[in-house]
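Build the full structure now, drawing on both the sequences and the hints.
Heads up: the sequence shown at position 278 corresponds to 278 in UniProt numbering, and the numbers run straight through without jumps.
Take the hints with a grain of salt, since some may be wrong.
[To be verified] Simulated restraints on C-beta separations:
no.	residue 1	residue 2	range
1	Gly157	Phe86	27 to 37 Å
2	Lys300	Lys139	30 to 40 Å
3	Phe86	Ile219	40 to 50 Å
4	Phe271	Val36	12 to 22 Å
5	Met268	Tyr83	21 to 31 Å
6	Ser51	Thr18	35 to 45 Å
7	Ile158	Glu294	46 to 56 Å
8	Thr224	Ile158	56 to 66 Å
9	Asp19	Pro53	47 to 57 Å
10	Gly170	Ser51	44 to 54 Å
11	Arg138	Asp191	46 to 56 Å
12	Pro79	Val146	25 to 35 Å
13	Val36	Gln56	23 to 33 Å
Worth flagging that the hints you see were computed from the coordinates, not collected in a lab. Built from N, CA and C at the ideal position, the CB exists for glycine as well.
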Amino acid sequence: MDEANDSVVSEFVFVGLTDSWEIQLLLFVFSSTFYVASMMGNSLVMLTVTSDPYLQSPMYFLLVHLSFIDLGISSVISPRMIYDIFRKRKNISFGGCITQIFFIHVIGGVEMVLLIAMAFDRYVAICKPLHYLTVMNRKMCILLSVAAWVIGLAHSGIQLVFVIKLPFCGPNVLDSFYCDFPRFIKLACTDTSSLEFMVIANSGFISLGSFFILIVSYISILITVQKHSSGGGSSKAVSTLSAHITVVLLFFGPTMFVYTWPHPNSQMDKFLAIFDAVVTPFLNPVIYTFRNKEMKAAMKRTFRPLLVFRKIS
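Now the structure itself:
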């Protein structure tokens with residue numbers, strides 16, 4: 001890029017999270033622990049599902065993709081945030097900032113579609129069980145995965161095409177610890193009201209719409225479960241659905257607040273961003289693992305040979 005598109009600004013400086021050394025230390029330990037745990041947890045889910053022949057259903061196919069996306073969410077923001085915590089000058093190049101924004105929105109768009117796909121999978125499995133294998137065949141699973149990536153790339157790319165042409169001549173200080181459209185756009189040396197509306201429409205309204213679709217879908221599934229399932233079957237279905245709903249709330253809650261709240265608050269935005277980038281990717285494998293008997297049994301089958309080998313040696 002030509003010196004940030006022929007503008008004066010070639011880098012941006014993050015304000016960061018706090019100036020308190022004690023809180024910085026706490027954030028470093030907290031973020032590092034959750035980052036490592038989320039990377040290990042999601043990698044464990046992917047390894048277990050791909051290596052266990054009993055977990056080859058469409059639900060687990062989509063779960064592997066969700067874990068892969070969670071690895072991406074963790075890696076796009078967390079390492080840079082952890083690296084910057086103790087740095088006095090938290091700077092990032094113009095190109096680095098644009099790259100971070102691009103991947104944040106690609107990954108966010110993909111996860112949004114994957115969560116809708118997982119809701120659709122549960123709807124067919126519970127409400128149309130006789131047609132499940134016909135509807136959710138391998139072709140459909142691949143189609144849903146490709147659609148998720150196409151929509152994610154389009155969601156990010158459409159916004160970036162307009163934003164990357166903006167002139168930046170100073171100031172270059174972002175009151176955050178990572179790059180994202182809302183605060184990035186405000187630093188441009190031109191009127192950005194129309195672009196700010198586009199970001200709200202693209203990210204905020206899409207998030208709200210997807211969240212509404214998901215909640216309505218899960219409510220209708222729960223009603224069907226209560227009407228037609230026996231006690232044991234109902235309990236298992238409700239447990240699975242509650243895990244899915246928890247993931248939806250964890251993902252969409254902070255996202256909707258950041259992009260649709262009319263009076264943004266810097267500290268609240270930072271707290272929600274930390275939660276979304278560090279905690280949510282860790283909680284997803286925990287929710288799907290410890291609340292899923294099939295996953296726990298599969299992990300035992302996958303890692304039992306390693307434990308036996310270790311005892312022998």
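Each hint tested on the structure:
no., hint, verdict
1, Gly157 to Phe86: 27 to 37 Å, "35 Å, holds"
2, Lys300 to Lys139: 30 to 40 Å, "32 Å, holds"
3, Phe86 to Ile219: 40 to 50 Å, "46 Å, holds"
4, Phe271 to Val36: 12 to 22 Å, "21 Å, holds"
5, Met268 to Tyr83: 21 to 31 Å, "24 Å, holds"
6, Ser51 to Thr18: 35 to 45 Å, "42 Å, holds"
7, Ile158 to Glu294: 46 to 56 Å, "39 Å, violated"
8, Thr224 to Ile158: 56 to 66 Å, "36 Å, violated"
9, Asp19 to Pro53: 47 to 57 Å, "54 Å, holds"
10, Gly170 to Ser51: 44 to 54 Å, "53 Å, holds"
11, Arg138 to Asp191: 46 to 56 Å, "50 Å, holds"
12, Pro79 to Val146: 25 to 35 Å, "28 Å, holds"
13, Val36 to Gln56: 23 to 33 Å, "29 Å, holds"
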